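Q: Turn these sequences into a full structure, and let the hints steer you where they fit.
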Amino acid sequence: MSGILNSSIGRKFAMALSALFLMFFLLQHFAINILSVFSPDTFNEVSHFMGTFWVIQYVLQPILIFGVIFHFVMGFVLEIKNNKARKIGYAKTSRAANSTWMSRNMLLTGAVILAFLVLHFIDFWIPEINTKYIAGDMSGLIDPANTESGFRYYEELVHKFHSPLRVGAYVIAFVLLSLHLLHGFNSAFQSIGANNKYTNGLKGFSKVYAIGIPLGFVFIALFHHFTH
Amino acid sequence: MMNLTLKIWRQKNASDKGQIVDYPISGISPDMSFLEMLDVLNQELIEKGEQPVAFDHDCREGICGTCSLYINGRAHGPQTKITACQLHMRSFKDGDTIYIEPWRAEAFPVVKDLIVDRTSFDRIQQAGGFISVNTSGNTQDANAIPIEKENADKAFDAATCIGCGACVASCKNSSAMLFVSAKVSQFALLPQGQVEATDRVLNMVKQMDEEGFGNCTNTGACEVECPKGISLENIARMNREYLSASLKG
Chain E
1 MSGILNSSIG RKFAMALSAL FLMFFLLQHF AINILSVFSP DTFNEVSHFM GTFWVIQYVL
61 QPILIFGVIF HFVMGFVLEI KNNKARKIGY AKTSRAANST WMSRNMLLTG AVILAFLVLH
121 FIDFWIPEIN TKYIAGDMSG LIDPANTESG FRYYEELVHK FHSPLRVGAY VIAFVLLSLH
181 LLHGFNSAFQ SIGANNKYTN GLKGFSKVYA IGIPLGFVFI ALFHHFTH
Chain F
1 MMNLTLKIWR QKNASDKGQI VDYPISGISP DMSFLEMLDV LNQELIEKGE QPVAFDHDCR
61 EGICGTCSLY INGRAHGPQT KITACQLHMR SFKDGDTIYI EPWRAEAFPV VKDLIVDRTS
121 FDRIQQAGGF ISVNTSGNTQ DANAIPIEKE NADKAFDAAT CIGCGACVAS CKNSSAMLFV
181 SAKVSQFALL PQGQVEATDR VLNMVKQMDE EGFGNCTNTG ACEVECPKGI SLENIARMNR
241 EYLSASLKG
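For the protein sequence lines, the chains are E and F, in the order given. Sequential numbering of the first sequence, starting at 1, is according to my numbering. Sequential numbering of the second sequence, starting at 1, is according to my numbering.
Hints in this document: simulated from the structure, not taken from any laboratory. Model, not experiment: these values are computed from the prediction.
Here are the simulated lysine to any residue pairs, SDA-like style, with alpha carbons at most 20 angstroms apart: (1) F:Lys248 with E:Arg11; (2) F:Lys17 with E:Ile88; (3) E:Lys197 with F:Glu148; (4) F:Lys81 with E:Ala97; (5) F:Lys154 with E:Tyr198; (6) E:Lys84 with F:Lys17; (7) E:Lys92 with F:Pro109; (8) F:Lys154 with E:Asn200; (9) E:Lys87 with F:Ile20; (10) E:Lys92 with F:Gln11; (11) E:Lys92 with F:Glu106; (12) F:Lys17 with E:Ala91; (13) F:Lys248 with E:Gly193; (14) E:Lys87 with F:Glu211; (15) F:Lys7 with E:Gly89; (16) E:Lys84 with F:Ala14; (17) E:Lys87 with F:Val111; (18) E:Lys87 with F:Ile115; (19) F:Lys12 with E:Ala91; (20) E:Lys87 with F:Gln11; (21) E:Lys197 with F:Ala155; (22) E:Lys197 with F:Lys154; (23) F:Lys112 with E:Ala91; (24) E:Lys84 with F:Asp117; (25) E:Lys203 with E:Met23; (26) F:Lys12 with E:Gly89; (27) E:Lys84 with F:Glu106; (28) E:Lys197 with F:Lys149; (29) E:Lys197 with F:Arg240; (30) E:Lys197 with F:Ser231.
A: Laid out in structure tokens, this is it:
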């Protein structure tokens, strides 16, 4: 058991577990963000709960950060190992004949998503941490001195989507996330050994998830850009 | 009759750098097998006093897994579920340029021209691809132990792997997972394979990693190019077997 992460299968298993965790996180992130379209007040309430409940802040958030870092680091480790397995390439290849573009370019799509995450952290996460844990304002209010000022979360979200450049970057990143998930969703299940009578159904669901969730995030960005 | 341009990897020995060399060839019948076409080329080269192209071949009927040509960017050529020896020249057009290269993987070093050393597969087999049974004097009837039909069929399908290495050659990571998983599965699905199941999967995967094969990224290229149609389901089974064995071990 101790050496499992030193084996090719063990590393892929760990990669798949982190991927499944991140996909679950993405789903709940979307479920909260879509509230901003239908009910700004509910979005504010849920955001405040997520931002202040200790289990989420001190247990799940560190696990999430570890999961993100682990997924990217392991992705690069696997890529380096895979490149070492074939130092001399073919003069001619016809890879499109036997595999999808998405499956062959997970590192590329993953690197773009990583770049987007850096932007996302600068935009949302770092200011949030700064406000709550450095400035010490846990109120979640637009004006901490005025309890009538209302929660700040919806206002911050809408403000971020004013810039067409940011919205453009957002759209590109989510298109690539969709391509990443179109392969990654099923691949994660295969890596943990789940290939059975449910696999075909899972493939159908994976397409709905891989296209639907990123498309939903893009919709939210465009909705706020064009309605405010 | 067809006229073709062959672009063939020539490499004198394991330490030679090697290069692609062009060979125009004419008068090729569409009914020839691919290997017969190479025989014609080699005959011409011998008559000219040149070194013939070295390539692996044995049964020439798709059973032995010896032929190992990467033809126009695909293992065993443009058709699926066949070996290079079962490929016919009617799969190409008059005037075509055909690239012929050896399997490429650090675990399959080139010996000469199109021949690669696939003994890494042998070492993986030796690490656990067998069952230990006393067979002298008390051989049991093969049907003494009932086996579920579905499992018997899946074990048989896995056992049809001929160890040609097309999976490694096709995989962008040079992963041997389809080969190893077929060997693990054919025993894991049968009662006779259960006794050594834990050690088998751990030892075979350990040997696979030590040989320098890459990781599986589930592109599925191996399954498409496998001449015997070995399913990715076997890789998932090996993953389960390995994880379960790791917990036990």
